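Asker: With these hints in hand, go ahead and build the complete structure from the sequences.
Residue-level listing of the chains:
There are 2 protein chains.
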Amino acid sequence: MVTPAAAKTDIDLKLAGELAQQLRVDSVRSSTSAGSGHPTSSMSAADLLAVLVGRHLRYDWDEPASPANDHLIFSKGHASPLLYSVFKAVGVVSDDELMTGYRRFGSRLEGHPTPVLPWVDVATGSLGQGLPDAVGVALAGKYLDESPFRVWVLCGDSEMAEGSIWEALDKASHYKLSNLIAVVDVNRLGQRGPTELSWDLETYRRRASSFGARVFMIDGHDVAEIDRAMAQASQITGDQPTVILARTIKGRGFSEVEDREGWHGKPFPPEMAERAIIELGGQRDLIVRGPKPDQPPAAAPAGKAIAALKLPGYTVGDKVATRKAYGQALAALGARRDVVAMDGEVSNSTYADEFANKYPERYFEMYIAEQQLVAAAVGFSVRGYRPFASTFAAFLTRAYDFIRMAAISQASICLVGSHAGVEIGADGAFPVGGAKVLRASDADQVTLIGAGVTLHACLAAADQLKADGISARVIDVYTVKPIDTDTLTAAAAATGGRLVVAEDHHPEGGLGSAVVDALTGAGRADLTVRHLAVSELPGSGTSQELFDAARISAAHIAAAARSLAG
Amino acid sequence: MVTPAAAKTDIDLKLAGELAQQLRVDSVRSSTSAGSGHPTSSMSAADLLAVLVGRHLRYDWDEPASPANDHLIFSKGHASPLLYSVFKAVGVVSDDELMTGYRRFGSRLEGHPTPVLPWVDVATGSLGQGLPDAVGVALAGKYLDESPFRVWVLCGDSEMAEGSIWEALDKASHYKLSNLIAVVDVNRLGQRGPTELSWDLETYRRRASSFGARVFMIDGHDVAEIDRAMAQASQITGDQPTVILARTIKGRGFSEVEDREGWHGKPFPPEMAERAIIELGGQRDLIVRGPKPDQPPAAAPAGKAIAALKLPGYTVGDKVATRKAYGQALAALGARRDVVAMDGEVSNSTYADEFANKYPERYFEMYIAEQQLVAAAVGFSVRGYRPFASTFAAFLTRAYDFIRMAAISQASICLVGSHAGVEIGADGAFPVGGAKVLRASDADQVTLIGAGVTLHACLAAADQLKADGISARVIDVYTVKPIDTDTLTAAAAATGGRLVVAEDHHPEGGLGSAVVDALTGAGRADLTVRHLAVSELPGSGTSQELFDAARISAAHIAAAARSLAG
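Chains as they are written, first to last, in the numbering used here: chain S, 3 to 568; chain H, 3 to 568.
If you're looking for bench data, these hints aren't it; they were derived computationally from the structure. A couple of the hints might just be wrong.
Identical copies carry no separate label here, and so any pair may be met within one copy or between two of them.
What the hints assert, rightly or not - List of simulated lysine to aspartate or glutamate pairs, DMTMM-like, C-alpha gap at most 25 Å: (1) K483 <-> E510; (2) K16 <-> E547; (3) K438 <-> E510; (4) K268 <-> E547; (5) K326 <-> E263; (6) K321 <-> E547; (7) K268 <-> D355; (8) K178 <-> E204; (9) K178 <-> E148; (10) K16 <-> E281; (11) K468 <-> E538; (12) K312 <-> D488; (13) K178 <-> E510; (14) K294 <-> E276; (15) K360 <-> E263; (16) K10 <-> E363; (17) K178 <-> D488; (18) K294 <-> E148; (19) K326 <-> E227; (20) K312 <-> E204.
These numbers were taken from a predicted model, which means no experiment stands behind them.
Answerer: Spelled out as structure tokens, the structure:
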């Protein structure tokens with residue numbers, strides 16, 4: 003760690019140019035030392051970052067947790083050499099760590115940035131995600147924290163082809179996020195060749211403008227032009243997000259690779275790196291810092307104060323749809339002022355509208371844009387909120403890759419998919435884990451396992467079996483992960499390894515798999531399992547017709563149990 | 003089936019207005035009879051469909067398989083009452099089937115349209131997918147079939163918030179798809195209330211225009227305006243796709259629900275339906291047909307003739323990366339002129355570029371837009387091609403919901419995700435199913451199961467175990483679905499139920515689950531399983547470091563086997 007005492011602050015444009023060269027040199031050095039990484043994608047954006055970090059990003063590098071800091075999100079996460087070179091330049095990562103840690107096992111300087119670093123908000127690398135995440139952060143800033151921080155996002159030009167970028171700009175303008183500034187590094191070259199729009203900045207401009215952004219078009223290597231655009235962009239006025247389109251050159255500064263195909267994601271061999279460093283003016287070790295936030299770090303925003311909770315209660319025997327109970331519980335949780343909710347235009351079905359009606363100021367309609375829905379949740383979590391994002395379960399899959407990346411971010415978010423068979427029960431304070439034994443006796447001959455709607459079928463099957471003199475244990479495995487292995491092993495032991503598992507899901511990767519995985523993983527497993535699941539393409543019909551057709555109804559469960567017990 | 007002999011053809015605008023009312027009445031009748039469905043979403047688009055089907059859609063309803071037919075895709079699949087009412091109006095579905103089949107179990111008139119109907123190309127219902135699918139159909143028409151058919155798509159306004167819509171328009175203009183016409187039913191109301199842009203057609207216009215479309219703005223209830231726009235749109239001139247923005251009223255024609263919130267996805271109760279039918283002028287049974295295709299149905303396009311194949315061969319001991327072998331095999335398959343390929347801007351990594359270099363006319367670059375990548379494959383399959391769509395496996399998950407819908411379409415497409423551990427082997431003509439026993443003897447004490455990269459670890463582990471005097475069977479389970487149950491049960495029986503499964507994947511829903519599911523599903527299973535899988539968040543490092551950290555390396559496999567055999 004370099005002491006920041008020596009840091010130059012609020013640097014002039016000449017020094018910004020020097021800093022840009024340093025960022026290029028360090029991007030080359032770090033990727034060559036690692037033997038992998040994306041130096042050319044970093045070099046194109048070095049001038050942008052030098053001006054931003056040296057003159058416009060209001061960030062207290064000694065207090066990365068300060069709620070007053072601006073945010074800096076690399077949507078083009080593969081430019082991690084540039085980001086880490088910035089961290090060196092501001093004095094929070096040493097040159098030694100940069101050179102020996104980058105992309106190495108166990109290091110925090112991973113191939114793509116993750117929040118294991120205190121200056122990184124979200125994991126990026128899968129393109130088209132950083133900007134949608136930033137929309138969530140900016141929503142929190144504008145509507146909940148009411149803090150003047152800005153959210154700066156570095157986007158690549160290739161990722162402008164992702165629909166999620168347009169979902170993000172659409173929501174940014176819908177919610178008037180004047181605190182959001184996307185800087186697009188239009189270096190013309192993707193992984194395998196030219197991007198779709200190459201240097202056609204005018205088309206980018208028309209698109210971003212039609213989606214509601216205020217747009218600047220600049221030469222991304224002219225520090226004065228960059229500075230003017232960023233100075234204007236950083237004034238939070240009006241009600242539009244800002245997009246700065248910067249025409250840049252991939253590999254800028256090293257003539258052997260400038261604007262050449264075939265150099266994406268390739269470090270320079272050592273002797274080539276030497277030539278690059280010479281051409282870039284040699285190694286530098288500037289320590290520079292830009293402006294600090296205008297206001298001192300505030301205490302936790304008042305909006306996050308937590309009030310006492312009174313959760314809804316139900317009487318045994320009440321029949322309440324799970325989604326209705328969700329809406330009621332969510333509305334009750336709203337007493338905690340850190341709870342926010344959002345939905346994909348189906349809040350009257352998921353019953354997120356119970357929350358929306360009670361706390362409209364903390365409800366954000368994301369319309370039919372599920373990638374942005376999940377990304378907004380991630381963004382809210384960055385600011386310390388507890389986001390609940392809901393839609394139909396099938397449509398959550400639209401955001402699969404966003405959920406994957408949220409996991410890499412280790413973001414704390416709650417995703418709720420309704421209209422699916424496997425869902426958390428509505429029994430109090432949302433405990434995850436465990437299972438419930440609903441029927442048990444010493445004479446049990448077989449175990450019936452269900453979840454959600456199939457649980458009711460298991461209970462009905464147990465009644466039918468009882469009439470035949472067969473005693474069945476019934477278990478509600480309401481949490482698939484973590485699964486309650488103890489309850490399952492006890493039941494398997496008590497019923498001679500005879501199990502029927504019924505699920506309204508395809509046989510692969512669901513309840514049945516989880517049960518047999520748990521039992522075989524627990525030790526020697528002596529099992530006879532009848533696994534009832536949906537194996538053909540379902541169509542329209544009544545619930546009962548579809549249950550029968552899928553062979554997961556009470557009658558099928560009872561028949562399977564009889565074949566085991568008999 | 004109504005005989006089409008009585009059909010009126012090339013109807014005038016007055017009759018088109020009558021037809022529109024019939025479509026409304028039948029949408030009301032069918033949804034009320036089913037007790038579910040979306041009548042109001044159908045009524046808003048009835049004039050659009052009446053003019054289209056009666057005057058512009060060139061379609062031989064007696065020959066739905068004719069390659070000369072225009073295509074009609076309902077991207078707003080929930081307007082199925084309207085689509086099925088069209089099918090009645092052209093005489094291919096009887097009134098009786100419409101009234102007794104819609105949304106009933108076992109009927110082909112499912113809640114959302116699927117290709118079980120010969121006039122439906124793709125399953126829709128999950129919004130934002132029909133237009134991307136249509137881009138694939140239009141690509142096939144323009145570049146491969148070189149046929150003058152047009153692809154008409156009915157979009158909802160809510161789905162314009164999906165990023166995939168903009169991926170589709172972007173590709174439609176990039177590929178100059180003047181044969182693609184999207185008609186957007188801007189009825190202002192989504193499921194739970196107003197859409198994001200309500201009736202702001204000007205913003206829609208600027209967006210669609212900036213994405214390269216020729217745009218018409220019309221009153222969607224003025225048959226003359228509709229007719230003029232469609233007449234112009236159906237001339238395949240220029241190099242732009244067309245977007246017709248139609249301002250409409252949800253529930254149009256029934257004053258009790260027109261433009262009212264709270265009526266999305268709700269059939270009218272019977273007495274209300276009666277009032278609606280009266281206000282709409284009563285039941286009609288017009289049979290109308292529009293123009294037929296200009297040219298007689300052609301034979302299968304020359305482009306699909308199949309040449310002899312010569313697949314690449316490898317010598318035992320050759321080490322060829324699976325993805326390299328994929329590229330080589332794909333290039334060889336290119337001799338079949340029905341094979342087309344597309345990739346998400348990583349063809350130099352997936353080696354789809356081997357095909358692109360050899361058959362550039364049948365390779366389509368989809369850039370970084372994975373939803374459109376999969377949708378294009380679906381669209382090509384509609385025209386009888388064999389599409390291969392590739393990208394990194396992790397990024398295919400971006401298109402999860404498109405893959406799900408492709409399955410509902412039962413589309414025949416090949417999706418190839420590279421840089422994942424589980425992938426089809428490169429041993430000849432791509433057989434799916436089966437497993438390979440690579441090491442076996444009568445003295446085997448334990449079975450080691452791997453796939454992809456972990457297979458090599460299993461083989462190395464078997465060598466280590468041999469040195470300890472432990473004989474291990476090794477199985478390459480290169481196909482997870484369908485899994486080779488016979489080979490697994492034989493191995494389990496031969497090795498006393500002692501299995502080690504190693505996978506470079508999380509423990510849930512992968513190879514290990516598939517193996518234990520297969521064994522427990524096959525009958526009484528007496529198993530002791532050590533399941534080695536990735537259970538923590540991986541980071542950067544070398545392959546070997548990551549294998550060791552995840553505890554799925556040869557040493558870990560050998561240790562697990564020793565603990566079972568000892």
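Asker: Check the structure against each numbered hint from earlier and tell me which ones fail, lowest number first.
Answerer: 2, 11, 12, 13, 14, 16, 17, 19, 20
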